[in-house]
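> Chains A, B and C, in that order, are what the protein sequence lines are.
Numbering-wise, this note's numbering puts 137 at position 137 of the first sequence, and it's gapless, one number per residue.
Numbering-wise, this note's numbering puts 99 at position 99 of the second sequence, and it's gapless, one number per residue.
Numbering-wise, this note's numbering puts 199 at position 199 of the third sequence, and it's gapless, one number per residue.
Just so you know, not all the hints are guaranteed correct.
In the DSS-like style, the derived pairs of lysine-lysine whose C-alpha atoms are separated by at most 30 Å in a straight line are [said to hold, decoys possible]:
| hint | chain 1 | residue 1 | chain 2 | residue 2 |
| --- | --- | --- | --- | --- |
| 1 | A | 117 | B | 107 |
| 2 | B | 107 | C | 172 |
| 3 | A | 181 | A | 244 |
If you want a taste of the chain A side facing chain C, the calculated C-beta under 7 Å gives, among others [said to hold, decoys possible]:
| hint | residue |
| --- | --- |
| 4 | 145 |
| 5 | 187 |
| 6 | 188 |
| 7 | 205 |
| 8 | 207 |
| 9 | 208 |
| 10 | 212 |
Just so you know, these hints were derived from the structure itself, not from any lab.
In this text, a Cβ means the ideal position worked out from N, Cα and C, and glycines have one as well.
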Amino acid sequence: MRTPTASRTGARPARGPALVLLLALAACGAPGSPPARGPQPARLPHYAVDRDFSLPSSPTWRAARQRGHLVIGVKEDQPGMGEKNPATGTYTGFDIEIAKMMAASLGFDPHRQVEYKAIASANRETSLQNGQVDYYVGTYTINGGRRKLVGFAGPYYIAGQRLLVRTDEKHLKGPQDMAGKKICSAVGSTPLQRIQSDYPRARPVAYDSYAICVDNLLNNQVDAVTTDDTILLGYAAKDPAHLKVVGRAFSKEPYGIGVPRTDRAFARALDDALTGRERSGDWKRAYDATLGLSGTPAPRPPRVDRSLTG
Amino acid sequence: MTTRSPATPPSGPKPSGKPSGLATLLRGRGGQPAPGAASALYDIPGPRARARHLVYGLLTTAALAVLLAGVFYLLTDTGQFAHVKWRPFAYEGVQELLLGGLGNTLKAFAMAAVLALALGAVLAAGRLSDHRPVRWVSTLLVEFFRAMPVLVMIFFVFVALRVQALPALVTGLTLYNGSVLAEVFRSGVQSVDRGQREAAYALGMRKTQVMVHVLVPQAVRAMMPTIISQLVVALKDTSLGFLITYEEFLHAGRLIAINMDYTMPFIPVVIVVSAIYIGLCMLLSWFANWVARRERGNLKNEAVAVAPAQAGSTMPGARP
Amino acid sequence: MDVLTNNFSLYGEGFLGTVRLTVYSSLLALALGVVMAGFRVAPVAALRAVGTTWVTVLRNTPLTLLFFAMLLGLPRFGVALPFELFAVLALGCYTSAFICEAVRSGINTVPLGQGEAARSLGMTFGQTLGTIVLPQAFRTVIAPIGSTLIALAKNSAIAGSFSVVELLSTYKTLSENGYSVVWSFVWIALGYLILTLAISGLFHLMERRWGVAR
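Input sequences plus hints: build the corresponding full structure.
Here it is as structure tokens:
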């Protein structure tokens with residue numbers, strides 16, 4: 001409407017503002033990126049690299065060795081687990097730490113010989129099947145359906161559905177208090193379906209992503225966010241002054257490392273590596289530096305399930 | 001009666017060189033609506049009508065103002081204009097991310113545009129071929145790809161053929177837009193006056209020569225605005241890459257929007273991303289319109305278009 | 001072949017989802033589009049500006065961006081609609097811009113004398129447009145509206161990526177259940193062909209019944 005000569009042909013572009021914006025974007029800028037909360041790169045543990053490691057029976061490992069580096073599939077939008085800093089391009093989180101310690105155990109330097117690839121949930125199986133990634137660490141629940149398509153090592157963490165609330169919340173202490181409360185989750189997700197079927201008195205609210213749920217929680221528009229506690233702890237670790245995770249877990253989600261289905265030797269090597277890292281204390285150090293920032297102490301690491309690798 | 005009707009509303013655009021209302025009205029063909037047509041629907045407003053229109057205008061403006069103020073209030077009330085929500089855009093890293101996303105969008109667009117033009121040319125040649133099987137196959141392909149949702153093709157290539165996101169996106173866009181462009185090219189070639197073709201054959205040119213030297217240049221010229229409009233569609237459809245996790249502009253925007261370190265600036269991201277995206281598409285649309293206007297103003301084109309109706313006149317440019 | 005027979009209810013649900021999206025969005029798009037076309041030919045400059053802005057902005061907006069903006073922007077104001085409604089809103093608004101342009105060029109094909117006759121009978125703008133011009137314009141815009149609605153049916157596939165049950169998104173469930181991806185897509189493609197052919201058939205009938213010979 002600003003253009004007084006709005007022509008009837010209907011396509012007079014308001015290209016001024018867009019250009020100005022583009023120029024403004026390109027022209028001036030503070031260097032770097034806004035300070036990141038949550039896991040600090042400087043405070044992350046270092047993992048000893050097993051230089052002599054060799055696994056010639058695994059085609060995945062051989063290919064990676066020949067290439068000179070590992071390609072690891074991760075999440076890029078899950079704070080505390082696998083998050084990419086949009087500006088610097090670095091990844092942080094518990095899943096990333098697991099990916100790094102596994103790389104170190106396989107004989108690759110986690111800082112120089114690892115390439116991360118952000119893979120969305122929908123494409124996880126495909127990326128493992130067609131060899132886009134060597135292994136995948138990203139809130140990947142082991143279940144029967146997936147085991148038909150990909151192999152699993154682990155589990156390295158037993159997640160469970162819990163509740164994220166504001167720190168000033170007094171009444172909502174667990175799943176038993178959800179009646180009449182607005183409980184937010186991602187649309188179409190398993191946690192949302194569980195609320196709808198098992199807790200009919202709660203008032204479920206569905207949004208496109210957990211970030212919108214958390215934003216609405218901070219703005220008092222919902223009373224709690226629910227999904228796997230790992231994701232919730234990640235948000236709480238970013239803002240422990242305002243967010244906390246409460247209640248017992250009301251589901252059990254064993255997280256595994258996804259590997260190509262046929263490469264059993266590779267999965268077994270990862271199982272050995274996990275067991276070793278849990279014993280050496282690296283697992284707990286990784287937790288403390290990431291999810292532990294939420295104030296929730298580290299649980300005992302789960303036992304690796306050797307039956308998965310047959 | 002008709003001499004009165006050209007009175008367009010005071011602030012309306014003045015159609016240039018309008019002989020009469022009727023002629024203007026009937027000239028509105030091929031998606032180019034006649035500018036003065038609206039005047040057929042109402043009389044030149046008298047004093048009372050003018051007053052009434054003024055009241056309507058004020059009411060509309062007031063309603064819009066209330067609406068905009070409401071939206072503005074909601075945005076301010078929820079702190080969307082707070083400095084902290086916009087600060088992320090001030091950092092170089094974030095700007096680079098956005099520009100990188102935009103670059104990926106434009107890369108996909110450029111690849112899809114070039115390949116679609118090539119595919120369109122091939123399919124159009126196939127449909128104009130003298131060999132029946134070639135014609136059939138081309139027709140079948142064109143009709144099938146035009147009937148499928150472009151997203152179905154993108155997902156098929158991405159999921160079933162297991163390729164990366166960018167080639168999947170480009171393939172889908174190429175197949176769809178290539179088929180649409182094939183039809184554009186074909187109707188362009190067929191719309192060239194028959195005399196041109198006949199004259200070329202009479203000079204002893206072969207079919208390929210006739211096509212390349214006589215028909216295609218004229219067809220492309222006449223169809224340029226339509227071709228560019230179709231490219232706008234391709235540009236808009238690159239955003240479908242967002243759905244198969246291609247790291248294009250919307251993807252970059254989403255990463256910033258859902259990031260807690262940036263205070264999750266949903267609204268600012270939506271505002272910035274929309275403004276740039278819509279601005280880009282408008283720029284290209286505007287270019288298409290500009291080309292169309294320039295073509296219409298071109299005397300040579302006018303003569304070619306008019307020639308068939310004028311049996312006696314063979315002098316291009318003889319008539320304006 | 002057994003992809004279809006074993007999952008008939010899944011396909012049916014998806015197909016009905018797509019049909020529902022198409023029908024509701026069409027109704028919204030037609031209503032909005034006609035109103036906006038009325039605005040664009042109205043004697044009041046402010047209304048014309050509203051119509052022009054609506055069309056110009058929406059025609060240059062990628063549909064994915066519209067979904068993106070709605071799903072990311074509206075929840076911030078506490079709007080929590082069912083996702084199917086979000087999808088209908090996005091598809092309807094987007095398509096209304098194209099309907100508006102089709103109707104407006106239809107209005108332009110109505111002979112000038114019709115409007116003049118109506119006016120000389122003392123009809124107001126609303127009466128002229130509503131009872132004289134639009135009914136005649138309707139006869140010429142059947143075909144363009146038909147192709148716009150076919151485009152709408154095809155565009156509705158985008159909704160599947162935003163958690164709405166529709167035809168394209170059935171492939172996910174099928175591939176999780178281990179069915180052949182290629183065959184899943186063959187039946188999905190067939191579903192869209194059926195739908196677009198049905199719309200095109202319907203509009204052919206309407207064109208034969210009411211259309212103007214051209």
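> Hint by hint, say whether it matches the structure.
Hint check:
1. A:117 / B:107: 20 Å, holds
2. B:107 / C:172: Distance ~28 Å between residue 107 of chain B and residue 172 of chain C Cα, so the pair holds.
3. A:181 / A:244: 17 Å, holds
4. 145: 6 Å, holds
5. 187: It holds, given that the least Cβ distance between residue 187 of chain A and chain C is near 4 Å, below 7 Å.
6. 188: Interface hint status for residue 188 of chain A: holds (4 Å vs cutoff 7 Å).
7. 205: 5 Å, holds
8. 207: 5 Å, holds
9. 208: Since chain C brings a Cβ to about 4 Å from residue 208 of chain A, closer than 7 Å, the hint holds.
10. 212: At about 5 Å, which falls below the 7 Å cut-off, the nearest Cβ of chain C leaves the hint on residue 212 of chain A intact, so it holds.
When held up to the earlier numbered hints, the structure conflicts with none and fits them all.
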